[in-house]
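Input sequences plus hints: build the corresponding full structure.
Chains as they are written, first to last, in the numbering used here: chain A, 216 to 722; chain B, 65 to 240.
Bear in mind the hints are in silico, worked out from the structure with no lab data behind them. All C-beta atoms, glycine included, are put in the ideal place defined by N, C-alpha and C. Please note that a few of the clues may not be correct.
[As the list claims (entries may be wrong)] Heads up, simulated BS3-like pairs for lysine-lysine below, C-alpha to C-alpha not over 30 Å straight-line:
1. A:456 x B:210
2. B:87 x B:105
3. A:456 x B:105
[To be verified] Only some residues are given here: those of chain B computed to face chain A with a beta carbon under 10 Å:
4. 69
5. 85
6. 124
7. 144
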Amino acid sequence: MTNQLEKVLIANRSEIAVRISRTCQERGIDTVAIYENNELDRPHPYYCDEAYELTNNSNHANGYMDAEQIVRIANDTGADAIHPGYGFLSENPRFPRICRENDVHFIGPSETAINMAGNKMEARNHAEQQDVPVIPGLHLEEPSADQALKEAKDIGFPLMIKAASGGGGRGIRIAENEDSFQDTFHDAKEESRKAFDSEKLFLERFFPEAHHIEIQVLGDGQGNVIHLGERECSIQRRHQKLIEESPSPFINREKRNQIGQYAVDLMEAIDYEGAGTVEFLVDPDQNAYFLEINPRLQVEHPATELCTGLDLVGLQLEVARHQSLPLQQSDLIHRGHAIECRICAEDPYSNFLPTAGTIPDVSMPEGPFVRVDSGIQSGTEVTTRFDSMLAKIITWGPSRDMALDRMHRALSETDITGIKTTIPLYLQIMNEDVFRSGEFTTKYLENRSFSSPAPSEQNQEDIAELAARLQFDSEHQSLQKNHPQTPDQKQSNWFRSGLRRQMSGRS
Amino acid sequence: MSKTEQYLVELLDQTLDITVQQKGTNVCVGSDSDDESREIKIVRESDGVLYVKFPNRCFRVGMNRKDQNTIEWTINGITFTTRTANKLRARLREQGGGKKGDSDIERIEASIPGQIGTIMVEEGDQIEKDSSILTLSAMKLENEVKSLTAGTVKEIHVEQGENVQKGTLLAEIKRQ
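Rendered as structure tokens:
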């Protein structure tokens, strides 16, 4: 295998497949798309030089999870590398292994790095070894109440008590203070015994109001790592990000440099290759605690690209060619402010209920300092089979206010018909005082209720009159039909559908 | 040649009285609040988007016809519906004895494909507006399906664990 990439298979779909292909095209690298059989209404197969349909295999939730099949397609078409994007196989340590065994280069970190990032305890230990602060906490094997209280005091309140055997959100209790600790501890222990037949508990400091801040890093796999600044990702629902921005309006320069150095230390110690992110929880006093490593390109990477002027996918391709980092930490310039909104097929006023349906028409924003990475086009059918994200809109400005004003303008230009999206909520957030002030935490959306906005009075009046006009037209269609300047083929759809309905006798 | 019709347009919580008049090739529309009627020109309609010229502005709006009288509009991501009735015909229908249609029944349909979780009401239950009827799981998420009106649960059409397609009739609520 030479270290020149000539053809890259993109093992992903939707906006990120299009985004990766674009950088490859710019660099004269051919791209190969994969897609499922009902995805020909999506843009990504059309943005690549080649496109192959994935065969259904009941062993996998979907074709994008079928590592063997994807590598086979890469081999058959002569691709010399695979870009995993995010999600799907991007964090599966088997994938780089299967790639290597089949002589295809995996664009991303090593199997070891992915393994470590995927194991929460191992990653936490690694952070501690590098003197990076972690959230205070510990495991208790067979705790007595006195012993537990002593540990709890060291950790600090409020704290979370969790069954060590429980997964996800199961068996989590919060003790607000010392007084309530004994009762909470007793309940948690009982519950753990009943549910998991184990008294093992995990105690961890709980931060009701915190910031989610992450550092973008880039490594060459030879021990050189730089960081490209942070992204603030505190606007979330169900612990999933909706809006991200860079830089964070919350932390100061000193804190930024400190967290950046933490991230570099963590990643240098594992010879990290490619783009990756280190996530931190930052409490109201600006104390940062390591959360996790994301060993891949992230959804929100464009916010960093707009502020640094760097193409992260391009840099991934360069280090994948075994080149050393083309720039040093001191070369980095972080300029202005960028914000990203994830446009999701969800109803923001109905508990973010996923929406589905065909999008007859899409009109995306354009104009100064607006970037759109979209995974939909007119005619795309949105299903609940995959993630609800349809597209990303990213804007840049010399100041945060300017970036936000531009985002508001860009969102107002956006028209996605046929399904509900999160756009109206984002329009409200861009003008909301707490968001504008930058003083928001991960509880932002939980703590306030936005209600569905009404259209402006002008729009209401115009649409009412328009509705009457259309009704008139369907009741008087014979007039239209005889109109000499309206030949049949130029009749609009509403007219034809009204006519069809009447002829078929439906009301 | 001139033709005039009067309509009642329901939009959000208001009902507007609107007159449409055709004079030759022009169609002019006026609200009861307006002194003058104005021309509305339909420029183009394609793929669910309507391009319209009002005297003072050009307007692009998402449009989806639900039935003969109901249109769903989308503007800046906000979706709302209009119901339009011809005033004269409505009056005639009233005089004709006022046959009650199905309009006093709220049909709750699945807005997404998914699996039915817990059913929280029984047939005959009195429920408030926004009462949870059942849960519908999709993409590992449980979504509560709520009633848009207060009334009585007339019929439940699904069972727990049942997989439903988008648009499946889940329950019918008799409005108060």
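Evaluated hints:
A distance of roughly 26 Å separates the Cα atoms of residue 456 (chain A) and residue 210 (chain B); the hinted pair therefore holds under the 30 Å criterion. Restraint check for residue 87 (chain B) and residue 105 (chain B): satisfied, since their Cα atoms lie roughly 13 Å apart, inside the 30 Å limit. For the hint pairing residue 456 (chain A) with residue 105 (chain B), the CA-to-CA distance comes to about 43 Å; that exceeds 30 Å, so the pair is violated. Taking 10 Å as the C-beta contact cut-off toward chain A, the hint placing residue 69 (chain B) at the interface holds, the least distance being around 5 Å.
For residue 85 (chain B), the interface hint holds, the least distance from its beta-carbon to any beta-carbon of chain A being 9 Å, beneath 10 Å. Because the closest C-beta pair between residue 124 (chain B) and chain A is about 7 Å apart, less than 10 Å, the hint holds. A cut of 10 Å between beta carbons decides the hint on residue 144 (chain B): the least distance to chain A is about 7 Å, and the hint holds.
Checked against the numbered hints above, the structure breaks only hint 3 and satisfies the rest.
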